[in-house]
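**Q** Can you make the complete structure from the sequences, with help from the hints?
2 protein chains.
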Amino acid sequence: MQSFGFYSPTEVAFGKDAELKTAELIKKYGGTRVLIVYGGGSVVKSGLLEGIEQLLAKSGIAFNSIGGVKPNPRLSFAKSGIKEAIKFGADFILAVGGGSVIDTAKGIAHGVANPDKDLWAFWTNEIPLERSLPVGTVLTISAAGSETSESAVLTNDETNTKIGYDTPFNRPKFAVMNPELTFTLPVYQVACGVVDIMMHTLDRYFTPTEGNEITDEIAESLLRVVIKHGKTAVANPSDYEAMSEIMWCGSLSHNGLTGLGADWDFAPHQLGHELSGKFDVAHGASLSAIWDSWAKYCLKAKPERFVRYAQKVWGIEKGNAEETALAAIEKTASYFKSVGMPTCFTELGIGVQSEEILRELADRCVFFGKRTVGSFKVLDREDVYNIYKLANH
Amino acid sequence: MQSFGFYSPTEVAFGKDAELKTAELIKKYGGTRVLIVYGGGSVVKSGLLEGIEQLLAKSGIAFNSIGGVKPNPRLSFAKSGIKEAIKFGADFILAVGGGSVIDTAKGIAHGVANPDKDLWAFWTNEIPLERSLPVGTVLTISAAGSETSESAVLTNDETNTKIGYDTPFNRPKFAVMNPELTFTLPVYQVACGVVDIMMHTLDRYFTPTEGNEITDEIAESLLRVVIKHGKTAVANPSDYEAMSEIMWCGSLSHNGLTGLGADWDFAPHQLGHELSGKFDVAHGASLSAIWDSWAKYCLKAKPERFVRYAQKVWGIEKGNAEETALAAIEKTASYFKSVGMPTCFTELGIGVQSEEILRELADRCVFFGKRTVGSFKVLDREDVYNIYKLANH
Numbered sequence: 001m002q003s004f005g006f007y008s009p010t011e012v013a014f015g016k017d018a019e020l021k022t023a024e025l026i027k028k029y030g031g032t033r034v035l036i037v038y039g040g041g042s043v044v045k046s047g048l049l050e051g052i053e054q055l056l057a058k059s060g061i062a063f064n065s066i067g068g069v070k071p072n073p074r075l076s077f078a079k080s081g082i083k084e085a086i087k088f089g090a091d092f093i094l095a096v097g098g099g100s101v102i103d104t105a106k107g108i109a110h111g112v113a114n115p116d117k118d119l120w121a122f123w124t125n126e127i128p129l130e131r132s133l134p135v136g137t138v139l140t141i142s143a144a145g146s147e148t149s150e151s152a153v154l155t156n157d158e159t160n161t162k163i164g165y166d167t168p169f170n171r172p173k174f175a176v177m178n179p180e181l182t183f184t185l186p187v188y189q190v191a192c193g194v195v196d197i198m199m200h201t202l203d204r205y206f207t208p209t210e211g212n213e214i215t216d217e218i219a220e221s222l223l224r225v226v227i228k229h230g231k232t233a234v235a236n237p238s239d240y241e242a243m244s245e246i247m248w249c250g251s252l253s254h255n256g257l258t259g260l261g262a263d264w265d266f267a268p269h270q271l272g273h274e275l276s277g278k279f280d281v282a283h284g285a286s287l288s289a290i291w292d293s294w295a296k297y298c299l300k301a302k303p304e305r306f307v308r309y310a311q312k313v314w315g316i317e318k319g320n321a322e323e324t325a326l327a328a329i330e331k332t333a334s335y336f337k338s339v340g341m342p343t344c345f346t347e348l349g350i351g352v353q354s355e356e357i358l359r360e361l362a363d364r365c366v367f368f369g370k371r372t373v374g375s376f377k378v379l380d381r382e383d384v385y386n387i388y389k390l391a392n393h
Numbered sequence: 001m002q003s004f005g006f007y008s009p010t011e012v013a014f015g016k017d018a019e020l021k022t023a024e025l026i027k028k029y030g031g032t033r034v035l036i037v038y039g040g041g042s043v044v045k046s047g048l049l050e051g052i053e054q055l056l057a058k059s060g061i062a063f064n065s066i067g068g069v070k071p072n073p074r075l076s077f078a079k080s081g082i083k084e085a086i087k088f089g090a091d092f093i094l095a096v097g098g099g100s101v102i103d104t105a106k107g108i109a110h111g112v113a114n115p116d117k118d119l120w121a122f123w124t125n126e127i128p129l130e131r132s133l134p135v136g137t138v139l140t141i142s143a144a145g146s147e148t149s150e151s152a153v154l155t156n157d158e159t160n161t162k163i164g165y166d167t168p169f170n171r172p173k174f175a176v177m178n179p180e181l182t183f184t185l186p187v188y189q190v191a192c193g194v195v196d197i198m199m200h201t202l203d204r205y206f207t208p209t210e211g212n213e214i215t216d217e218i219a220e221s222l223l224r225v226v227i228k229h230g231k232t233a234v235a236n237p238s239d240y241e242a243m244s245e246i247m248w249c250g251s252l253s254h255n256g257l258t259g260l261g262a263d264w265d266f267a268p269h270q271l272g273h274e275l276s277g278k279f280d281v282a283h284g285a286s287l288s289a290i291w292d293s294w295a296k297y298c299l300k301a302k303p304e305r306f307v308r309y310a311q312k313v314w315g316i317e318k319g320n321a322e323e324t325a326l327a328a329i330e331k332t333a334s335y336f337k338s339v340g341m342p343t344c345f346t347e348l349g350i351g352v353q354s355e356e357i358l359r360e361l362a363d364r365c366v367f368f369g370k371r372t373v374g375s376f377k378v379l380d381r382e383d384v385y386n387i388y389k390l391a392n393h
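Protein chains in written order, with this note's numbering: chain A, 1 to 393; chain B, 1 to 393.
Simulated from the structure, these hints should not be mistaken for laboratory data.
A hint or two may mislead.
[To be verified] Listed next, the in silico DSSO-like pairs over lysine-lysine satisfying Cα-Cα at most 30 angstroms (straight line): (1) A/318 x B/318; (2) A/389 x A/370; (3) A/228 x B/318; (4) A/331 x B/312; (5) B/302 x A/312; (6) B/377 x B/318; (7) A/28 x B/28; (8) A/16 x B/377; (9) A/117 x B/28; (10) A/302 x B/231; (11) B/331 x B/228.
**A** Structure below.
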């Protein structure tokens with residue numbers, strides 16, 4: 001194995017009724033005044049929010065709740081949350097929702113602990129983050145893995161820039177994970193989640209680094225399980241077995257375990273972020289819409305990696321390496337389609353784009369030439385443009 | 001998936017020269033006066049201990065060192081360590097060694113934080129543990145998984161009772177894992193470690209609980225990787241690739257991940273502990289010496305589990321279920337033998353035992369009738385006796 005650091009201290013409470021442990025967990029991690037952050041009306045409608053508020057009230061924990069986090073969560077919302085939290089004197093942030101809500105809660109926690117700093121300057125790595133507030137999570141969507149990950153993605157709504165930020169301070173103190181809380185999700189969101197989980201693993205799995213056998217094996221295990229149960233979940237989002245496997249895979253896919261010791265690629269994520277930033281499309285959909293083109297474009301950088309993927313994840317063995325690799329890419333795209341996910345721009349619902357837009361997307365993705373993207377194949381501006389072009393149908 | 005809790009907060013620094021981070025990690029976790037605990041002369045001879053002491057001195061961390069921990073670590077030694085630590089005013093315990101040293105360090109940490117309590121009363125669950133001192137680890141043997149686990153095993157040398165104790169307070173703050181530090185191990189110890197790692201996984205994998213797909217897949221991945229690289233490691237303990245895979249698998253096998261949501265069995269561990277307690281044999285060897293008999297005796301409790309094990313771990317598919325299961329047991333025993341590990345009492349070096357001794361071992365294993373052992377098949381006194389008898393050749 002290659003050298004690595006691994007630190008995933010989030011306490012997980014997984015299973016039916018797990019949310020009943022929320023107040024006890026907040027107390028364990030020192031919360032006395034809690035800002036609860038949530039998204040749209042679903043946690044209100046389902047009664048989950050009220051249930052948690054009652055639990056906190058019974059436990060003598062003061063709280064204030066703010067709702068309205070949107071998918072591709074906005075910096076401006078996080079900033080208003082910071083103000084609310086400071087006004088309330090919050091010492092703990094509780095996210096009740098999916099990745100967008102959790103990422104917003106992380107942003108609020110960092111902002112409250114650093115009231116004199118500009119929040120976005122952490123995301124752009126202009127200033128180092130040295131303290132934060134504790135964050136707890138009650139997960140309602142299996143997808144982002146943010147409930148245990150060190151990542152958080154925010155979109156600067158002034159510039160439409162979507163950036164993921166990694167720091168150990170992003171690790172939540174706890175993750176309450178009851179698969180039943182995901183039963184009422186629309187099928188499209190379940191499918192977006194399945195893609196997101198697969199992509200967190202694939203974006204680590206396709207790496208130039210050799211020799212991380214147990215890490216590779218775990219990644220392949222996770223992909224097989226998500227592919228199998230993802231199909232069931234989309235057909236029936238209240239299938240406990242499927243939804244629970246997907247929920248735990250969602251955490252494992254992004255807590256670090258599936259990429260230990262390897263250079264991350266994450267190019268499809270970077271390319272997808274530009275699509276979400278510009279067209280406000282769902283994160284998972286942006287990833288499946290670009291992966292097929294990314295894979296075909298990058299295949300030759302290391303065909304043997306695609307061959308291993310073909311064999312171990314899809315059980316494919318063709319005549320030669322390239323055929324085997326291409327068959328695996330085809331299988332993956334077909335799978336995405338089978339769960340209703342797009343594999344190109346028109347399927348993503350953004351239509352065929354002009355040359356100018358493709359160039360703009362590519363420019364923004366490489367920070368106007370200031371960075372390259374990915375590691376499996378290092379992509380420059382022209383490469384990124386070519387991949388967008390491949391997906392532009 | 002079934003419900004579970006998971007909390008594995010140990011920070012891992014893995015790879016070449018990882019031990020150079022020891023002082024920095026101690027500081028991060030609040031250590032200012034450190035009791036260093038080690039075993040025999042190997043960490044002295046190799047210069048590792050001196051190197052770490054120099055690092056601490058340079059970083060302005062006060063320390064005192066005590067050596068002499070033996071395999072199957074003794075309660076009496078832990079108690080003398082507690083006295084030393086209190087005299088020194090230690091606020092942090094650093095283990096430099098393998099499982100025995102780390103388990104002793106955990107015991108010392110609990111004792112120092114509870115100076116008015118009898119240490120053994122925690123191990124026997126007579127009193128609850130509510131506080132401890134932070135423990136850090138520099139691992140030199142891949143085997144016990146204690147560097148990240150919530151377990152610690154001590155032997156009460158007054159009664160020859162060996163008991164494993166699980167508590168979140170047993171989780172070390174950090175684990176420094178440099179595979180090169182294991183290169184000088186005797187081959188026999190490497191092989192014992194390989195068996196121990198496999199058994200931590202097998203003792204979770206053979207469970208009556210159904211429906212933990214990703215957990216099962218990860219367990220099977222781990223077994224395949226350890227079986228493959230274990231062979232190489234025993235042939236050449238300075239093979240970095242093999243020793244590093246085994247080292248990380250050692251942690252993953254016992255940090256909880258491979259048994260989430262499932263009832264643990266751990267009967268072979270309990271049966272093996274009695275052998276170590278009475279005959280002072282190596283832990284790993286005690287496990288392989290009993291597993292074959294345990295497996296044959298318990299097979300019928302759930303043959304389909306052995307069939308899955310046969311298919312996924314060994315790639316075996318025979319005519320019928322029982323043949324397939326038996327072939328997998330045979331493969332496992334052959335593997336143990338191939339790395340020089342015993343599969344019965346004579347190979348373990350304790351010879352054929354009298355009826356009286358077998359009865360005594362069984363009596364002690366079930367706490368003289370006060371408990372049963374295992375969950376895959378719940379074993380009573382007679383079952384345990386029968387398994388010892390099967391292995392008694």
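**Q** When the hints from earlier in the document are held up against this structure, which numbers fail?
**A** none
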